[in-house]
Each structure stands twice: as C-alpha cells, then as structure tokens.
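Visitor: We have chain R already, so just place chain C on it with the hints.
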Amino acid sequence: MVRVVITNSIRFVLLMATQVFLLKNIGYYNLSIPYLYILFILTLPFGIPNYLLFLLAFFTGLTIDFYYDSLGLNAAACTVLAFVRILFINLTVQRDGFDNEPEPRLGIMGFQWFIFYAFILTFSHHFILFTFESFSFSELGYTFIRILMSTLFTVSLMLITEFAFFQKKLR
Amino acid sequence: MRNLWLFISKYNAFFLLIIFFTISLILLIKNNSFQRASVWNSSNQVVAQSYEKVNEISSYLSLGKTNDSLAAENARLRNQLATSFTSDSIKQGTVRDTTLKQQYTYTVATVINNSVHQKNNYLTINRGSKHGISKGMGVTSAKGIVGIVLNVNENFSTIRSLLHSETKVSANVNGSIGSIVWGEGNYDPRFAYLKDIQSHLNIKKGNRVVTSEFSMFPQGTAIGYVAETRTSKGDNSLDIKIKLDTDFATLDYVYVINNILSAQQLSLEAQNKIE
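Residue numbers (our numbering), protein chains in the order written: chain R, 1 to 171; chain C, 172 to 446.
It is possible that some hints are incorrect.
Partner residues aside, some chain R positions facing chain C, computed with beta carbon under 10 Å [to be verified]:
id, residue
1, Ala-17
2, Leu-55
3, Gly-61
4, Leu-62
5, Asp-65
6, Leu-73
7, Ala-76
8, Val-80
9, Ala-82
10, Ile-86
11, Leu-87
12, Asn-90
13, Val-93
14, Glu-139
15, Tyr-142
16, Ala-164
Treat the hints as calculated values from the structure; they're not laboratory data. We put the CB at the ideal spot given by N, CA and C, even for glycine.
Looking at chain R on its own, in the form it has when it is part of the complex:
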C-alpha cells in the first residue's frame, strides 16, 4: 500500500514536471498540443475508490491549471476523464479476473486494450479541455481538428512513455 502511494507520488511529480517545464513549450502551431500529465490519472490502480479518484483527478487538473493560468479548465477536463475512466473500466474489465492486477498499464493489460483505453480517455479529456477553452460554437471545425490532433499527439507520447519505462513487466 505504501509502495503504491510512493510510486504514484513520484510518477505524479515526474509527469507534472515534464508537462509544465517541457511539454508546455511544445506544440504544433497551436493545433496539436500534448497533455501527457493525464497519464497519471490513467495509470492509477484499479482498486482506487471513486471519491479518491475524483479528488486526485481534480487536484491534478488544478495543479496544471496553476501553471497554465487557466484555473478550473484542466480540473474540469480531468474530472470528466475520471468519470470516463470509471465507465470504461466497468465495461471492459472483469472485476474477478483482474482484481489482483494493480494498475491499468500497457505491460499488464496488453497493447490493444491499452491503446483503446488511452485513446478514449484522452479524447474525452481533450474534448472538454478544448471546447471549454474556445468556449463558443463559432469555431467548431477548428476546435474539433485541435482535439483530434492533440489526442493523437498525447496518445503517441503515452505509448512511448509506457514502452520506455514498463517494457520489462510485459507478460
């Protein structure tokens, strides 16, 4: 239990630092913007209670918002992300079969499941993020292109991260 808390805390700090100090400066013409930090919420253990998941997601988003000067924006997106995560895991993971598996990771869950998981969750997060950022229906097409491009960017970064760090756990 303590080990889980410590590893997740380290992961949180590392992902936050990467997001705020490195990825904040990366983007393709305001069209494709990576938000890798949501990998922290994605890889929280399966057994986490809902309220804790929501709290963590909310504060993760809020932390990013402090650095991005967009108070509440990422928090809202992460809250939705947490909700979608609960729905997705309820639908696709059999409780009995996977309760012993600690975390939804690439190495544990397999490539196909993970890429689907990452794509759906990232899309829901980015959808909320970019629509609330533009906050109008006037540039719907542009916003949608931004959502798609950014989702692709974020998911590919997630896959790279997962492959780089957790390859050895592959069954």
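Guide: Chain C alone, transformed into the frame defined by chain R:
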C-alpha cells in the same frame, strides 16, 4: 431515505462527476475573464437575437406603411430633381438669379388595377382630379415610363398603358427620334418596337432608349434598351425591338407627371390649327 443513499452510493461516480465538474466550472468562470465574458456575451447574444427576430416579424407588419412613406418621399424628391425644372431664361437676355422654374411635378399613386395580357391594356390608379390629375398626363414607374392618363374622375384615373396599340411615345435613341409602338404583331409585355429610325443609323444592341423632348414625359425618362434591330420590309427604316425597363406585370407604385407648361404649349399649338 435508505433507498436514496443506496441510489447515490450505487451511482457515486456520476454524482462525484457532477460535484467536481461544477466546482471546476465555477472556478473556470470566476477566474478567467475570457470565459466569464463569453458566458455573459452568449446570453446577451441569445437575447439580442430573439429581439432581432421579433423585430424582423413586426417590421413585416408595417411594410405597407413603410412603402407608402418611401414612395411619398420619392415623389417629393423627384419634384426637386433637375429634370423637373425648365430653363426660363431668355437666350439673349441677361443672366438672372432664378434660372430654373418648376416644369414637372410628380404625384405618387398606387396601381389598383392592372392588365398586361390584353391587346389593349389599361391601368387604374387611386388618384383623380381631386389630387390634380388630368387627362393626358404621363405616368412613370421608378424604372421607366408606364403610360398616359386616359380618363379621370374625382378619386381614380385610368391609364392607357404603353402596352396599348394606340399609345405612341416619342423616343430618342442615340440622338435620333422615333416612336415607340406596341401591339402591332407583338403582344409580349416585356418588349416594344421603335419605329421610324432611319436604317443608315448605327443602332446597336444595348443602346439606351429614352423619351425625347417631344413627349409628355420629361426629356430623358428611361424607356428601355435595344434588344434587337432589323431592317423593316418595305421602307428604309429599322424595326428596333426594345426591352422595356418597366416591369408591367409587377407595377405597384407609379408617378403621375404634371407638365405645368403643357397648357400653354397646347393652347399655342391650337392656334395654329385655327389659322
């Protein structure tokens, strides 16, 4: 109560979503000026748009009134046009201050009866002798000439339309004078023929046709433009087909032209006949 708790704990994810999402949104809108402005702006937009729509509909209801006032204004403005005035100065005389004197006045009228598909077409307008209309006055629309006043009673007048076999209007194309006729083998309300133009004259398709100084209309009133020219059989004049500017089928408002000096002109010309 127990059931309510069960319900909430069963769907706790959804309620947690609502709680945290609401908190985020409050933070977002309270702390970000752009989103805050957007919220107010969009609500204002909705209000403004609904007002605009209602206004659009209500303006339709007063369209008739607006038309009337605009047509009246047009008549008033036409009274001030340069073509409504005639030069009053004597050629060899000294230059006077008041060189222009009103020759034409316009009275606006609404067409209340109209025909275009007869062999001889007439219009009825809602102005009569009470409004200063008298027999023989010219009638124009905003686009071009319409016809000549035929009969007048107190409140109404009938107009012999240009689309009438007996209506002949003196017209000017490229400086040469001819006369507009309709109804001699041509019963299309969109076209008329211009006769008595010498065939050696260079009349091209698209040339403007206007009234000449010999008509009861102010010189230069629009009639139409040349649509087709061909030599007429038998004499050396051209048959010129003219596309009329006035759309007789949709006539609504017309102007009756009163030539103030026509009485003098006619009485003078009548003397010639007596002699």
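Visitor: Against each hint, give a clear statement of whether it holds in the structure.
Guide: Hint-by-hint comparison with the structure:
Among the interface hints, the one on Ala-17/R is violated; its C-beta lies about 23 Å from the nearest C-beta in chain C, farther than the 10 Å criterion. Checking Leu-55/R against chain C: minimum C-beta separation of about 8 Å stays under 10 Å; hint holds. Interface hint status for Gly-61/R: upheld, as the beta-carbon distance to the closest one in chain C is roughly 7 Å, under 10 Å. A least Cβ separation of about 8 Å between Leu-62/R and chain C falls short of the 10 Å threshold, and the interface hint therefore holds.
Annotation: Asp-65/R was flagged as interfacial toward chain C, and the flag holds, the nearest CB pair being 8 Å apart, inside 10 Å. The interface hint given for Leu-73/R holds, since its Cβ lies 5 Å from the closest Cβ of chain C, which is under the 10 Å cut-off. For Ala-76/R, the interface hint holds, the least distance from its beta-carbon to any beta-carbon of chain C being 3 Å, beneath 10 Å. Interface hint status for Val-80/R: upheld, as the beta-carbon distance to the closest one in chain C is roughly 7 Å, under 10 Å.
A hinted interface residue such as Ala-82/R counts as satisfied when its beta carbon comes closer than 10 Å to some beta carbon of chain C; here the least separation is about 7 Å, so the hint holds. A distance limit of 10 Å between C-beta atoms decides the matter here; for Ile-86/R the minimum to chain C is near 4 Å, and the interface restraint holds. Annotation: interface hint on Leu-87/R holds; nearest CB of chain C at approximately 7 Å, less than 10 Å. At a threshold of 10 Å, the smallest CB-CB gap from Asn-90/R to chain C is about 8 Å, leaving the interface hint in force.
Using the Cβ-Cβ criterion of 10 Å, the hint placing Val-93/R at the interface with chain C is not satisfied: the shortest such distance is roughly 15 Å. Hint on Glu-139/R is violated. Least Cβ distance to chain C is approximately 12 Å, over the 10 Å limit. The closest approach between the C-beta of Tyr-142/R and any C-beta of chain C is roughly 16 Å, which is over the 10 Å cut-off, so the hint fails. Restraint check, Ala-164/R versus chain C: the minimum CB separation of about 31 Å is more than 10 Å; hint violated.
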